[in-house]
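K.L.:
Chains as they are written, first to last, in the numbering used here: chain A, 1 to 186; chain B, 1 to 240.
Be aware that a few hints might be false.
[Claimed, not checked] Cβ-to-Cβ under 7 angstroms is the rule here; a few derived chain A residues that face chain B: (1) 36; (2) 45; (3) 75; (4) 149; (5) 167.
[Said to hold, decoys possible] Below 30 angstroms or equal to it, Euclidean Cα-Cα: the simulated DSS-like pairs (lysine-lysine) are: (6) 171(A) to 24(B); (7) 162(A) to 129(A); (8) 182(A) to 171(A); (9) 182(A) to 36(B); (10) 48(A) to 129(A); (11) 124(A) to 162(A); (12) 182(A) to 29(B); (13) 171(A) to 124(A); (14) 48(A) to 124(A); (15) 29(B) to 171(A); (16) 182(A) to 124(A); (17) 24(B) to 36(B); (18) 24(B) to 48(A); (19) 182(A) to 24(B); (20) 162(A) to 48(A); (21) 129(A) to 24(B); (22) 162(A) to 24(B); (23) 162(A) to 182(A); (24) 129(A) to 171(A); (25) 25(A) to 182(A); (26) 182(A) to 129(A); (27) 36(B) to 171(A); (28) 124(A) to 29(B).
Calculated directly from the structure, the hints in this document are not laboratory data.
The structure presented is a predicted model; accordingly, all values stated were derived computationally and were not measured.
Idealized CB from N, CA, C, for every residue including glycine.
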Amino acid sequence: MAVNAAQSQGAGIEQALAACAGGDKNALRRIYDQECPRMIGVAQRMLKRRALAEEAVQDSFILIWRHAGRFDPQRGSGLTWIYAILRNRSLSILRDEKRLETDESPIGQEAASEEDDPETVMAKLSDAKALRGCLETLPAPRRGMVLLAFVQGLSHGEIAGKLGMPLGTVKSWIRRSLLALKECLG
Amino acid sequence: MTQEPDREIVAGEYVLGLLDGAEKEAFEKQAASDAKLDAAVARWQARLAPIDVTAPLIEPSTGLWQRIESGLGQAPARSQATAPQSALGARLSQWWDSLWLWRGTALAGIAAALLLAVGLVAALDRARRQPVMVAVLLTETNLAAAVVNTFADGRVELLPLQDIAVPQGRALEIWTLWDRATGPRSVGLIDRARAVPLRLDNLPLGADQLFEITVEPAAGSPTGRPTGPIVAKGLTARRL
Chain A
1 MAVNAAQSQG
11 AGIEQALAAC
21 AGGDKNALRR
31 IYDQECPRMI
41 GVAQRMLKRR
51 ALAEEAVQDS
61 FILIWRHAGR
71 FDPQRGSGLT
81 WIYAILRNRS
91 LSILRDEKRL
101 ETDESPIGQE
111 AASEEDDPET
121 VMAKLSDAKA
131 LRGCLETLPA
141 PRRGMVLLAF
151 VQGLSHGEIA
161 GKLGMPLGTV
171 KSWIRRSLLA
181 LKECLG
Chain B
1 MTQEPDREIV
11 AGEYVLGLLD
21 GAEKEAFEKQ
31 AASDAKLDAA
41 VARWQARLAP
51 IDVTAPLIEP
61 STGLWQRIES
71 GLGQAPARSQ
81 ATAPQSALGA
91 RLSQWWDSLW
101 LWRGTALAGI
111 AAALLLAVGL
121 VAALDRARRQ
131 PVMVAVLLTE
141 TNLAAAVVNT
151 FADGRVELLP
161 LQDIAVPQGR
171 ALEIWTLWDR
181 ATGPRSVGLI
191 DRARAVPLRL
201 DNLPLGADQL
211 FEITVEPAAG
221 SPTGRPTGPI
231 VAKGLTARRL
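Just chain A, same shape as in the assembly (with noise of 0.2 angstroms):
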């Protein structure tokens, strides 16, 4: 329902990116009415952390105000773009904070939430997605890999810290899952 609820408003995205280059704040907050509580659970499966999970938000929406004259429908929705803006952000502040933190322990080792597990975010996936049934057809482990870097934001060797595995193999069955689903999806 989620799924259907955010395809019928995604046309309303583009119309509110071009009022946005336009300069019109009203369209921004009709985009964070609409979006905003997604995004804060996009970037705190990231962040881990609610407060930087809104800065992200909130560095986001100046970002897509800022740049809504660059968004070009031809190159994919409103949606995705807004949300790539979003995991950007989220993956810089994710990597910085690592660098400069100091007495907090770092993000990394803060304990993902069970809901951002990769097999949990499968049984969330939509059945009417081709993307689920591409999922299926990989390996649990591997297909594993792809959602702990693309939902949790983890890197290779976090990733292979987590699973046990040796950083080249890490690598090299996304390297292969990725080409697996690139086929299926075409």
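Since chain A is already given, all that's left is putting chain B on it; use the hints.
P.N.:
For chain B alone, kept in the frame of chain A given last:
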């Protein structure tokens, strides 16, 4: 079978967030001028987008929209308006706290670079222009990367002491932080390490004031706050 990884696969790794630092930078640069590669990125973003739909919905805390709205009209380098402290500001404060500890270990470096700075001034026969305060900006490895000199007539300048690598399409932005509640303010933007006057205008200036250099997009930080990696940082100290 060994072969160069398919560009489409590298684009997939990029979208998964698996390219690190230099790899990511190089890939983004390449994709910016290669429409086919950029299209591969767009395809992966669309393919994987359904995964983001599985994220939990989390209601924003009160005030998030106000914080966003107050960041919208801010001209990155020149705003005089007082912005409320952001989460980013909070992170910077945390980093600022660590500076005190870090500063102790760097005293020797500061002293050495101070001599160098004063020597530079003398060598250029600018005795008249001796700085009132100096900040030595050190890298993470405690190398003196630049000095900030402040003069009695209110002028402030940045002098680099070594070359700083600036990726293509990026610039160096100089910030000052005098009050954590207000947050950092941009005081200059340079395309490469070179001497530059800093625009402090009516901003406060005192001892123990933080100056730092970050790597930002060529037009300056899009958010008006530091977003890129910190190249060097240091606190002002009064000349004897």
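K.L.:
Check each numbered hint against the structure and report the violated ones by number, ascending.
P.N.:
Failing hints, ascending: 5, 25, 28.
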